[in-house]
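Got chain X; can you put chains B and R on it based on the hints?
Protein chains in written order, with the working numbering: chain X, 1 to 261; chain B, 1001 to 1461; chain R, 2001 to 2250.
Quick caveat, the hints were computed from the structure, so don't treat them as lab data. Some hints could be false.
To give a feel for the contact side, a few chain R residues facing chain B, derived at Cβ under 8 Å [claimed, not checked]:
# : residue
1 : VAL2012
2 : GLN2018
3 : THR2150
4 : VAL2156
5 : VAL2195
All C-beta atoms in this analysis are idealised placements derived from N, C-alpha and C, irrespective of residue type, glycine included.
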Amino acid sequence: MSSRDKILNAVRKAQPAFRPLPDLSPLVAAANATAANATATAATASAPPATASAAPATASAPPFANPPVGSTLERFTRTLEAIGGKVHTIFHLQEMISWVLEHRARGQRVLSSLPELSAVTEAIPVGSDPHDLENVGLAILRGHFGVAENGAIWITEDQMGIRALPFITEHLALVISTTDLVDHMHAAYQRINKAEQSPTTRQQSPTTREEATTPTEPRIAQTASGFGTFIAGPSKTADIEQSLVLGAHGPMGMSVFLLQD
Amino acid sequence: MSESFWAPGATHAELAEAFNQNEARVNWHDETLWWVRQKRDRMARSVPEWELLRETASQIKEQVLSSLSEYLEQFEAQATLNGVQVHWATDADEHNRIVHGILKEHGVDRMVKSKSMLTEECHLNEYLKEQGIDVVDTDLGERIVQLAGEPPSHIVLPCIHWKKEEIGELFHQHLGTPKGNADPPFLTHAARLALRKEFLARRVAITGVNFAIAETGEFVVCTNEGNADMGAHLSDVHIACMGIEKLLPLREHLGVFLRLLTRSATGQPITTYSSHFRKPRPGQQMHIVLVDNGRSQQLSSDDFRGSLKCIRCAACMNTCPVYRRSGGHSYHTAIAGPIGSILAPNLDRKQYADLPFASTLCGSCSNVCPVKIDIHVQLYKWRQVLVKDGYVAVGKKLSIEAMNYTLSHPGLYRFGGKVGRWFMRTMPWLVNNRLNPWYKQRDMPTPTKQSFGEWYKANRP
Amino acid sequence: MKGGNLKVGLFVPCYVDQFYPQVAIATLQLLEKLGVEVVYPPTQTCCGQPMANSGFAHLTGGCNELVTRAFLGLDYIVCPSGSCTLHLKEHLHSDTLPSAADHIRGRIYELTEFLVDVLHVEKLDAYFPHKVGVHQSCHGQRGLHLSQMTELVAPVFSKPGKLLNMVEGLELVELDRTDECCGFGGTFCVAEEAVSVKMGKDRVADHLKHGATYITGADMSCLMHMEGILRRARSPVQVKHIAEILNQAR
Chain X
1 MSSRDKILNA VRKAQPAFRP LPDLSPLVAA ANATAANATA TAATASAPPA TASAAPATAS
61 APPFANPPVG STLERFTRTL EAIGGKVHTI FHLQEMISWV LEHRARGQRV LSSLPELSAV
121 TEAIPVGSDP HDLENVGLAI LRGHFGVAEN GAIWITEDQM GIRALPFITE HLALVISTTD
181 LVDHMHAAYQ RINKAEQSPT TRQQSPTTRE EATTPTEPRI AQTASGFGTF IAGPSKTADI
241 EQSLVLGAHG PMGMSVFLLQ D
Chain B
1001 MSESFWAPGA THAELAEAFN QNEARVNWHD ETLWWVRQKR DRMARSVPEW ELLRETASQI
1061 KEQVLSSLSE YLEQFEAQAT LNGVQVHWAT DADEHNRIVH GILKEHGVDR MVKSKSMLTE
1121 ECHLNEYLKE QGIDVVDTDL GERIVQLAGE PPSHIVLPCI HWKKEEIGEL FHQHLGTPKG
1181 NADPPFLTHA ARLALRKEFL ARRVAITGVN FAIAETGEFV VCTNEGNADM GAHLSDVHIA
1241 CMGIEKLLPL REHLGVFLRL LTRSATGQPI TTYSSHFRKP RPGQQMHIVL VDNGRSQQLS
1301 SDDFRGSLKC IRCAACMNTC PVYRRSGGHS YHTAIAGPIG SILAPNLDRK QYADLPFAST
1361 LCGSCSNVCP VKIDIHVQLY KWRQVLVKDG YVAVGKKLSI EAMNYTLSHP GLYRFGGKVG
1421 RWFMRTMPWL VNNRLNPWYK QRDMPTPTKQ SFGEWYKANR P
Chain R
2001 MKGGNLKVGL FVPCYVDQFY PQVAIATLQL LEKLGVEVVY PPTQTCCGQP MANSGFAHLT
2061 GGCNELVTRA FLGLDYIVCP SGSCTLHLKE HLHSDTLPSA ADHIRGRIYE LTEFLVDVLH
2121 VEKLDAYFPH KVGVHQSCHG QRGLHLSQMT ELVAPVFSKP GKLLNMVEGL ELVELDRTDE
2181 CCGFGGTFCV AEEAVSVKMG KDRVADHLKH GATYITGADM SCLMHMEGIL RRARSPVQVK
2241 HIAEILNQAR
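The shape of chain X in the complex, shown without the other chains (with noise of 0.2 Å):
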């Protein structure tokens, strides 16, 4: 018998009676009144103090817990810059030149896949040997979304170009849109699935073990991305006694800009 049929057996003998999944919509719904709350605590504290005394009764949080205030772009900033990524706010991408001139002219390899800035940038070589990115100083992706629970950036292969590129450059910086912002984990894979799904698909999450297990049409479409990752911040380390480094294999620093509309 083969490894896989025996392990397969030793599982199927082993494993207890079928139990169902558990219905994720209670604990999405908890983190959408997480985020409600911190918005109306952050549009409380910003309203003139005769109103502020009429506030939302919904705003209450429990007294045990120390849960996040204000709006999803003011979440996203002071998340992301407490873990030491830097975020700028423009109203067009050309205000970027500037700043890419800087690294330029600190000797930098500027790579870009931003036609908006092919000017002052060196195009991705898409397709090339991945070693030859060792000397790129700074790299500017466009990303999918944030997430203003944690700070990261979801971003695709084909945003990367080549997907050593945002790990490999010295320097990273992400572009997204302020709209392009989700208040947790849970919008975050709504939207991914959302992005990535089949043409025919089914959008309910299986209940039953045959609904789980039964291969049907696969909800995520078998072109989507080979490869995405949530970045937040710049590479880190505490291995040595807790210490926090930025820049521990990879970018020393990296920088969003949150293009407003």
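Then chains B and R, alone, in the frame of chain X:
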């Protein structure tokens, strides 16, 4: 690393006693890890729905265990469709041979590896070394212990037991950094430069797997350093090694687990990189090795199955008052601490019979566990199993049996208590001596003339 | 807070019976003050936990039978130890009197939870003008939920704390680590002597750092361990079971 790192037969109690010879260092170790626990608390409190998140994660994992064979087949089919080669290993030895086979096929004798507790469990590094293969661990903490010839002492913070001055000296010897420089940013940068050469030179990279998705055939690897990605994306061949329990049914379940993992582990909102590998890049080979190594055995046990829910966050180690004061190496196994103490006996009851006893059963581990494993209950249950199977010293067995006999006979108990207290009052040196482990660093309670039972009889006729 | 007509059996842990009779006396007197009729069945010995936690649960049949027979037909069983209470709640069974054992498992209370949850005590006539640190014993806290656990994101409460706040003159001190284990752990205290003592020393140091002159708690076993460490260090700080403080009149 090697089992030979530990003295043969040394128990947790003995190794912990040796660790406690240097009290200042114990204090430092305890406080460093307690700080991580506090960071975890702050992060958990920033999520008011934290307890619902834990409960949901626990239920997802329990569902996975109830349908694991189906998910494994679904994952294999989908990964194969994605162009990934899937291998199956019944035990550590087969896992090591599969990895070596891939290396041989490519004529490679050097490779980089990012953190994988599974490969530690399988002792892959020593195996490959014996086959003449040079493995470079690229996680900074793992590289430090590798240079020192030690196994990691913690699954998330591998060199948490090392002081920066010692790391400075180690780097001076191995990387040629200036003697006496113990500055963490400087040392980290030195390691970055040295390891970048390795990343650029090696054609094969091994990574671990944090989560694998049955629905899509993708797997997720989480690092802060970016070393898994550097290795994988610069390699011609990427080998990902995973235990069979790492599966999740659907991609959206990652939303639950990525919210929990790093908050529980280090008190960060998420790792810097949460990379989703689905297909090899053009021209690259991607392999997945699915490893059983005792997991199907653990799955068959109603009492111990829950340990397979573990996502290797190490929150149980950081909170464990025994772990913090005995160090990871005292557990003499790849995965230390409370979770290691319920996993290891499944691999070898005799060798790890001491570990379920290396706990006060305080229960803090179960409370921080993001997937709600009842760790302290399983420690208690392992004790019963190990005693029944005869893995407890004869002396201990006899003394427990004698104690039980006395406590099962009220007359004998009252007589024994009276005599015992009389001896303690009149001849305290009988118990107050170095042969009594209690007395070594603690005074005995003052013996009273009257027990409560005697008082009650005299005062409440 | 009415104990009228309640018949309560007092379960006294073996080491309390032998080494700390004053704790059992205080428990008895306190319950009686609150109007409870208390009986002490003399044939009790031990809950069986020392054997069970050492892996010898299969030997505890004798203790189980003694407990089951001793506490037949009582409204409640009260024990001044969270640890022994938890053990009986989780593990007591009897082959000869299974329903009696079931009854006891459902009716056994640790002292402070009995005072708060059953008697609904809101006021005590107690006086203890000292700075007191509370040791949260793990089995009482994490097993019986006598107080909230710092690991959880959940509302804060403390049954021992609520009662101690009723004591006149008593000042509770805050600790750096409010619910870390003291390292007693049953046979752990001798089998893992080095770590056990280190844990105890660190717990004691936290209380001393915050100026406690007494350390109290709902489990005498933890206090016995910390007392051993305090005495070895010749510290003037004393341990006192919570029953002794709550029973201390002016």
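Do the hints match the structure? See the list:
1. VAL2012: Holds, because the Cβ-Cβ distance from VAL2012 (chain R) to chain B comes to roughly 5 Å (cut-off 8 Å).
2. GLN2018: holds, 5 Å
3. THR2150: holds, 7 Å
4. VAL2156: This hint is violated: VAL2156 (chain R) lies away from chain B, its Cβ roughly 12 Å from the closest one there, beyond 8 Å.
5. VAL2195: Holds: closest Cβ of chain B sits about 5 Å from VAL2195 (chain R), inside 8 Å.
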